[in-house]
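Under the working numbering, the first residue of the sequence shown carries the number 1, and numbering increases by one thereafter.
Some hints here could point you the wrong way.
To be verified - Below, computed lysine-lysine pairings styled on DSSO-like, alpha-carbon distance capped at 30 Å: (1) K26 - K141; (2) K224 - K26; (3) K243 - K272; (4) K405 - K45.
Derived from the structure by calculation, the hints contain no laboratory data.
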Amino acid sequence: MIDPKYVRENPAQIIKIIESGRGNPKKADVKRWLELDEKRSVHIKQLEELNRERNNVAQLGKENPEVAREKGRELKEKLEYAKRDLEAIEKEWQEILDWLPNIPVSDIAMPLGKSEDDNPIDKAWLPGLGYLDKDKLGKVKDKLQEFNQSSVHWDSKLQNPKHHIDIGKDLKIIDNEQSAITSGSRFTYIRGDGALLQYGIQQLLFSELLKRGFIYQIPPLLVKHDVLYGTSHFPEGIDQAYKIDSYNTENSEELYLVGSSEPSNFAYFMGKTIKEEDLPIKLFAYTSCFRSEVGSWGRDVRGIKRVHQFDKIEMNIVCTPKQSSEMFSELLSINEWLLQILELPYRLARKCTSDGGYLASAEQIDPEVWLPAQQEFMEVGTDTNTTDFQARRLNIKVAKRDGSKLYAHTVNDTGVAMGRMIIAIIDNYQQSDGSVKVPKALVKYLGKEYIK
1 MIDPKYVREN PAQIIKIIES GRGNPKKADV KRWLELDEKR SVHIKQLEEL NRERNNVAQL
61 GKENPEVARE KGRELKEKLE YAKRDLEAIE KEWQEILDWL PNIPVSDIAM PLGKSEDDNP
121 IDKAWLPGLG YLDKDKLGKV KDKLQEFNQS SVHWDSKLQN PKHHIDIGKD LKIIDNEQSA
181 ITSGSRFTYI RGDGALLQYG IQQLLFSELL KRGFIYQIPP LLVKHDVLYG TSHFPEGIDQ
241 AYKIDSYNTE NSEELYLVGS SEPSNFAYFM GKTIKEEDLP IKLFAYTSCF RSEVGSWGRD
301 VRGIKRVHQF DKIEMNIVCT PKQSSEMFSE LLSINEWLLQ ILELPYRLAR KCTSDGGYLA
361 SAEQIDPEVW LPAQQEFMEV GTDTNTTDFQ ARRLNIKVAK RDGSKLYAHT VNDTGVAMGR
421 MIIAIIDNYQ QSDGSVKVPK ALVKYLGKEY IK
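Please take these sequences and the hints and turn them into a complete structure.
Written out as structure tokens, the structure reads:
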């Protein structure tokens with residue numbers, strides 16, 4: 001949640017960000033919020049004055065009980081009306097505030113833009129070539145000729161590269177047909193060597209994160225509404241969540257399946273104050289995740305790119321405001337380490353305001369792997385600095401050494417979306433005989449160099 005004081009002092013800036021395509025302009029009505037904020041202030045003062053009068057009447061009761069009772073009845077009625085009016089104002093005031101987006105870390109961190117075509121490319125890397133010169137980088141819409149070549153991992157005889165689902169079916173490592181029978185569309189079975197690929201990726205990243213001082217955590221996959229609201233997945237993303245029928249839940253509690261372990265991990269610190277010297281706290285989790293994918297029906301229907309259930313390693317950091325930029329960079333370096341050790345061609349797309357993910361984002365970069373068989377880039381992760389937006393909603397504070405308190409900062413990152421990483425490997429490592437070459441870093445986990 002954005003600081004209300006900041007909204008009062010910088011309405012023009014927030015309106016400009018919203019008009020660029022950030023959030024929902026109908027629900028994020030800054031002008032209406034300012035009107036309500038003024039009314040709210042007036043009503044709070046009136047309520048305070050009525051409470052003072054009530055205290056005076058209580059003193060009067062000692063001298064003249066009859067007069068005090070009459071005035072007390074009048075004040076009680078006025079107080080009830082004033083409270084109702086204030087509650088109505090605050091309800092709308094809060095609803096609009098819930099839809100106001102976070103403020104970008106800087107104009108460079110999240111530039112103004114009308115669509116994903118305006119996302120700048122920060123870096124691009126190719127196996128065997130390394131980073132491309134910065135002067136060759138533009139925006140997402142610009143084609144980088146270096147990526148148009150065939151994958152360096154294909155053999156020379158491969159002329160007609162296949163879609164990952166066709167290869168997965170032939171090798172019996174991906175089965176969408178049986179999952180359609182058991183669960184419906186957009187579910188999958190990852191089997192045999194495909195599952196071992198996932199295991200290898202998991203072990204590789206686990207080892208690296210533990211070396212870097214991350215704490216492994218197994219969080220709940222069902223959470224309350226307040227948790228998803230607190231991490232800014234609600235109200236904006238409520239149509240993406242699966243809600244559990246409360247009939248069979250304990251105390252008829254409304255619960256939701258998580259679309260990421262991020263809400264569960266950050267909610268671990270909900271309502272807590274952490275000592276400054278104990279920060280940063282770095283967590284990671286490996287969980288199944290669930291999303292309805294409302295709004296994407298008809299897109300990416302082939303294969304396992306956009307499914308309702310997927311496994312993911314999520315990295316989450318709670319830190320001080322001074323540490324969040326450094327933590328953002330550290331998480332991004334881990335994304336790059338993994339993609340480079342797997343020798344996958346990728347670029348880093350910096351999100352502009354209209355494509356900046358959920359409302360909590362103050363800076364966001366997506367690693368995108370090149371799929372040479374499909375001639376397109378695919379997002380495989382997201383690195384996000386949410387500054388104090390989530391910490392305000394979750395009430396996570398830092399106790400400074402001088403005794404003062406302030407809101408913490410939170411930073412999160414998709415360490416690896418497993419299904420998409422499997423797609424990236426199949427697409428880049430397919431061979432003319434229908435096999436898939438195993439990346440060198442994963443051979444020890446599969447015990448073989450090729451999936452045949």
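Consistency of the hints with the structure:
A distance of roughly 28 Å separates the Cα atoms of K26 and K141; the hinted pair therefore holds under the 30 Å criterion. With a C-alpha separation of about 27 Å, the suggested pair K224 and K26 falls inside the 30 Å cut-off, and the hint holds. Proximity of K243 to K272 is assessed by CA-CA distance (about 27 Å); at most 30 Å being required, the pair is judged to hold. Under the criterion of a C-alpha separation no larger than 30 Å, the hint pairing K405 with K45 is consistent with the structure, at around 27 Å.
Violated hints are absent here; each numbered hint is respected by the structure.
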